[in-house]
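Hey, can you work out the whole structure from these sequences and the hints?
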Amino acid sequence: MKTRFLIPVLLVLLAFALSGSDCLLYEKVLDVVFLHSTCVDFEQIEDSEEFTTPQTVDYADEIDGILEDNDIEKSDISAAHVVSASYEVTDFTVPATHDDWDISGEITVRRIDVAGPTATIVEYTSQSVAAALGTRTPATLVQQGVDLLNDALDDYLAGEMPVLEFAVVSETGDVDPAPSPSDVMEFDWTACIAFHIVAAVATDTPDPFGGYEATP
Amino acid sequence: MRCQTGLMVAMLAVAMLLVAVPACAQIADQLSAYTGANAEGYLQPLADAFGADLNSNWYHSAHIAVDGFHWGIEFPVMGVIFSDDVATFDATTQDGFTPEQTVEAPTVVGDGGSITVDGDANSQFTFPGGFDLNSFGMTVPQIRLGNYMGTEAVIRYFAIDMGDVEIGNIGLFGFGVRHSISQYMEPDFPIDMAAGLMYQSFTLGDDFIDATAFTLGIQVSKSYGWIEPYGGVSYDMFSMDVSYESDEESVEMTLDSESSVHLTLGVALGIKPVMANFEYNLASTSSFGFGLYIGM
Chain A
0 MKTRFLIPVL LVLLAFALSG SDCLLYEKVL DVVFLHSTCV DFEQIEDSEE FTTPQTVDYA
60 DEIDGILEDN DIEKSDISAA HVVSASYEVT DFTVPATHDD WDISGEITVR RIDVAGPTAT
120 IVEYTSQSVA AALGTRTPAT LVQQGVDLLN DALDDYLAGE MPVLEFAVVS ETGDVDPAPS
180 PSDVMEFDWT ACIAFHIVAA VATDTPDPFG GYEATP
Chain B
0 MRCQTGLMVA MLAVAMLLVA VPACAQIADQ LSAYTGANAE GYLQPLADAF GADLNSNWYH
60 SAHIAVDGFH WGIEFPVMGV IFSDDVATFD ATTQDGFTPE QTVEAPTVVG DGGSITVDGD
120 ANSQFTFPGG FDLNSFGMTV PQIRLGNYMG TEAVIRYFAI DMGDVEIGNI GLFGFGVRHS
180 ISQYMEPDFP IDMAAGLMYQ SFTLGDDFID ATAFTLGIQV SKSYGWIEPY GGVSYDMFSM
240 DVSYESDEES VEMTLDSESS VHLTLGVALG IKPVMANFEY NLASTSSFGF GLYIGM
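So the sequence lines, in the order shown, correspond to chains A and B. Numbering of the first sequence is given in numbering that gives the first Met the number 0, commencing with residue 0 and proceeding in unit increments. Numbering of the second sequence is given in numbering that gives the first Met the number 0, commencing with residue 0 and proceeding in unit increments.
Hints were generated in silico from the structure; no laboratory data involved. Take the hints with a grain of salt, since some may be wrong.
Stated by the list, open to error - On the chain B side, residues computed to face chain A include the following (Cβ under 8 Å): (1) Ile80; (2) Gly95; (3) Asp131.
What you are looking at is a predicted structure, and each value in this text was computed from that prediction instead of being measured. We put the CB at the ideal spot given by N, CA and C, even for glycine.
Put into structure tokens, the structure is as follows:
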């Protein structure tokens, strides 16, 4: 008899303790940050120190992929911005007459879906090609290029489909020693722009004792 | 009636574990923005709470009969209420962001809003928000079997394949042994005393979380009919390996909660075959527990 009485009492106690604020799950809205790098591969086979190597990136398509992978709607995004840049030499053919190339120059960016200026996004000075082989090297960002990319992100959020052209630009005096038809500079490298996409996401979160004060 | 009671509590136990899984998928997303010390700082309060919960509420009496068949089906609930001082941590910008800056950013239990700082050339770095959690709780079915020469075994087990849910499978296995000390005392020794240890292993997803907990200690209790106060002192250890992807690169880290001495004070209520308990655990991360037990 006592046992039959005790069971409902204990259940009520258990249920009461578990339902400190009505339920186990609470809907919480939190800012989720997605880190993504847009990377562009460049192949340099140069017999002169003056060259321009362009590559096209469908920026909108890349961001669409991030949203799809993470099950996020474009309308959930509250901000998107450039974080940093880096580059890495992925393949290097050591020249016959010397060990390395010392390169300076810049990477430019422009929109090709709309008319607009070309802006420098990354500058590099006296970079040893051999030293950058297999090493992700932080790059110096340039404000005009960052602004162009941030504007492209804003335009994407506004419904546009930005397409970008990145280009490696080298001019006279930028490569030491200067390449020539008999001393061709040959290496592959990847330049990456890291950016954050911030999305406000509502999620059901277990907070079983949500109504109670902190454990001392 | 007894069967319905057990079923209801079992369903509650399963529900508590299942509701945690979608949140774990979201935690993996949040972690993807972090590596190294930032990821550890972000996740540490949850690891501490998880370790505290695993290492508590696995006994509710120090009385272990010397022999005879004894069994129990138990549904312990363990919880931690987070204090404000674990809601933030010192986070430092990463991923080549310049200049390097350190700010007070939300941990996994902190505020849901992100924090953004400005850098060189109009670049910006955003620290993700937390889940605005006030508490962490868990339960797992537990079986107690014995006794042989004053020794009993405790088994915790739960496993489920979450199918198409992003995070995958969830599983917990624990095995503990307790031995009566008071059987070696004089018959008029006033209290029951036991010593025991328990090992537990928890996995979530293929590799997302792999945690182990170990506790070793002594317990005392004194029965006054339907009420039995109990207590214990133990030494706890907890380690949690976390594996996730950040910017398409695999990140692996180990979170070690502070190994600590753990003091338990509690009371068991009821008359067999149905009993309940309530306890408080004072440790580096303090926790509380309660539960319902059926057995003889």
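Here is what the structure says about each hint:
1. Evaluation of the Ile80 of chain B hint against chain A yields a held restraint, the C-beta minimum of about 4 Å falling below 8 Å.
2. Interface hint at Gly95 of chain B: satisfied, since its Cβ lies 4 Å from the closest Cβ of chain A, which is below the 8 Å cut-off.
3. Nearest Cβ of chain A to the Cβ of Asp131 of chain B: about 5 Å, under the 8 Å cut. The hint holds.
No hint from the list above goes unmet by this structure.
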